[in-house]
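First to last, the protein sequences are chains F and R. Everything in the first sequence is counted per this note's numbering, starting at 2 for the first residue and increasing by one. Everything in the second sequence is counted per this note's numbering, starting at -9 for the first residue and increasing by one.
In case anyone wonders, no lab produced these hints; they're calculated from the structure. Honestly, I wouldn't trust all of these hints.
BS3-like, lysine-lysine: derived pairs with alpha carbons at most 25 Å apart [to be verified]: (1) Lys261/R x Lys207/R; (2) Lys103/F x Lys89/F; (3) Lys84/F x Lys36/R; (4) Lys103/F x Lys366/R; (5) Lys395/R x Lys89/F; (6) Lys261/R x Lys36/R; (7) Lys335/R x Lys103/F; (8) Lys222/R x Lys7/F; (9) Lys39/F x Lys83/F; (10) Lys84/F x Lys39/F; (11) Lys89/F x Lys222/R; (12) Lys261/R x Lys7/F; (13) Lys89/F x Lys335/R.
Simulated restraints, written as ranges between beta carbons of each label pair [unchecked claim]: (14) Thr37/F x Glu140/R: 36 to 44 Å; (15) Gly39/R x Gly52/F: 47 to 55 Å; (16) Val14/F x Asn85/R: 28 to 36 Å; (17) Arg63/F x Arg217/R: 44 to 52 Å; (18) Glu51/F x Thr205/R: 51 to 59 Å; (19) Arg275/R x Gly19/F: 32 to 40 Å.
Here a beta-carbon is modelled for each residue, glycine too, at the ideal position from N, C-alpha and C.
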Amino acid sequence: MSELGKPFRDGEVIVQQGDTGDCMYVVQKGKVEVLTAKGGADLRLAVLGEGDFFGEMALFEREVRSATVRALGDVWVLTLEKKSFLRKVQEDPSLAFRILEKMSHRIRELDIALEEAAARRSAR
Amino acid sequence: MTVDQANPAQENHSPGLRLDDGSRVAVIGGGPAGSFFSYFLLQFAKRLGVELCVDIHEARNFAIPGPGGCNMCGGIVSESLVQNLAAEGIVLPANVVQRGIDSYVLHTDVASVRIETPLHEKRIAAVYRGAGPRGSKPTEWRSFDGYLQELAVGEGAHVVRGRVESVSLDGGRPQIKAPNGAPLTYDLVAVAVGVNSSTLKVFEGFGIGYAAPQTTKTYICEFFVGRDAVEKRLGSSMHLFLLDIPRLEFAALVPKGDYATLCLMGEEIDKPLVQAFMDSPEVKRLLPAEWNASPDFCHCSPRINILSAVRPFADRMVFIGDCGTTKLYKDGIGTAYRTAKAAAKTALLEGISANDFRRHFWPTCRSIARDNQIGKLIFAVTRQVQRRRFARRGVVRMAAQEQEKTGGRRRMSTVLWDTFTGSAPYRDVFLRVSHPAFVAHFVRNALAGSRPKEIQSS
Ligand SMILES: Cc1cc2nc3c(=O)[nH]c(=O)nc-3n(C[C@H](O)[C@H](O)[C@H](O)COP(=O)(O)OP(=O)(O)OC[C@H]3O[C@@H](n4cnc5c(N)ncnc54)[C@H](O)[C@@H]3O)c2cc1C
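The whole structure should be built from the sequences, with the hints applied where relevant.
Right, here's the structure in full:
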């Protein structure tokens, strides 16, 4: 019985907001939380579990990490380096389908959140 | 097994052959190639909104420990496949991964050297293809092939248990006869029977120009070593041997739970060769002193590809995994994933005529086959290194020095890693080995290593 990737303990930071990075990560076991610093406190954006990925924006942009990702309990995480992943995508573009699906899903969720925020504002 | 040879599949160049709503697909063989094909075919179909019926015909029950449920292999899931699967959203469960591998140790008569994975991650999985060696407790292991089959079933495939007895044509469509059932007619058949099945002969006589791959005999044995001894002596490393034993191309010892899997590849591996390997001091040093190979240990002599199949496609028929094309000696499961996915994409997005497969599936097979030509050259060079003590010393010295340093280019380490784990195309390895800087470093190390005071053993 064995896990793959690298282990992180509860509360350990895997990706730090503001750092530069050239990898994306896939959760192999356990859960992680995605946080953003907001007025001195951490605002939780999402909780990700087995099979979910994070840090994928580094594959497409050269911006710094947009959020912090922290282990929630013990987790195992596998690293996919940008260069080798992009090579794989060049050989088999369908490998990026899942990332595109997830990103499109996130845009949809953001649209809904925006609409809700706009509705709240106009109700005030 | 019988085949209707009177009415061979005629090649159809018209664009009419395609999969639509309600099309029926048979997959003969539910090993990695068959399960990956079914999984991706159904996943692409779902994305396109096409309803397919996919039957996987599989003779083995992967839940049975020992040979009956095992597809005979070293059980290394390569770094590159682990990463592809992660990107596909497929996580290998902890009870399928018998050991996460984070390094390998190269053993030679002059010394041993450990090479770590990038980022010191467990990036390679050691698995059992079936439910573990003969005599192991069935609940302890979960079969890798069984897990892939579950993934395919999760996407909607049906498993038809039993050996396919005959294949014929019914009005141009393939028809399959399973042991106790009525003949089943399909729109497409994906053949994924591997190279250890007599079924291959049937397709050679089918009149479609298919010729099965050339193969050679190998040897695998599952040693019971005990969990503590596995931990202490083998750890989380794959152990590779570069020994001067005639006909032996490559040997590996892979830790898994209580067991270690031994794989020997080369020219028609036989008993004397296995004995010569087991008697070598490098192997004896690694295993516990009191340990003895028992004749009862689960062992087998499966065949492995040395040349690809000829024309692995026809109208409504495609050959994937080992029975089509695979990477020479390495990453067979990873290559089964590649050819299976290429065939699934072609069948759904392009069509199922021989012409569709030639244009969209064959390029994947051809690039693997071409890379194998370079692989042969690399293994010829490895054989020369294996035979020459100064060269073995140069290899080990260069890799050991790279591992001691932090930073710097790890030319030899990455070449060894990619050659022995199958993580990169042979072409990439070749380009790196033929780089003047690599050659210069190697020669310098081989010369320095020949000085008596330099000779050391780790
Ligand atoms: C010694 C050795 C060590 C190896 N080590 C590794 C390794 O460590 N890592 C790696 O990636 N690869 C390794 N390989 C290669 C690997 O085993 C193959 O590449 C891989 O199994 C190919 O998958 P496949 O699905 O094409 O064929 P197979 O795994 O052979 O599966 C074929 C399936 O078809 C079924 N079948 C056959 N005929 C019929 C029929 N008539 N009806 C119904 N079902 C049928 C069989 O039962 C089987 O389940 C090794 C090979 C050898 C010989």
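- Tell me, in ascending order, the numbers of any earlier hints that this structure violates. Hints 3, 4, 5, 6, 9, 10, 11, 12, 15, 18 and 19 are the ones this structure does not satisfy, whereas the remaining hints hold.
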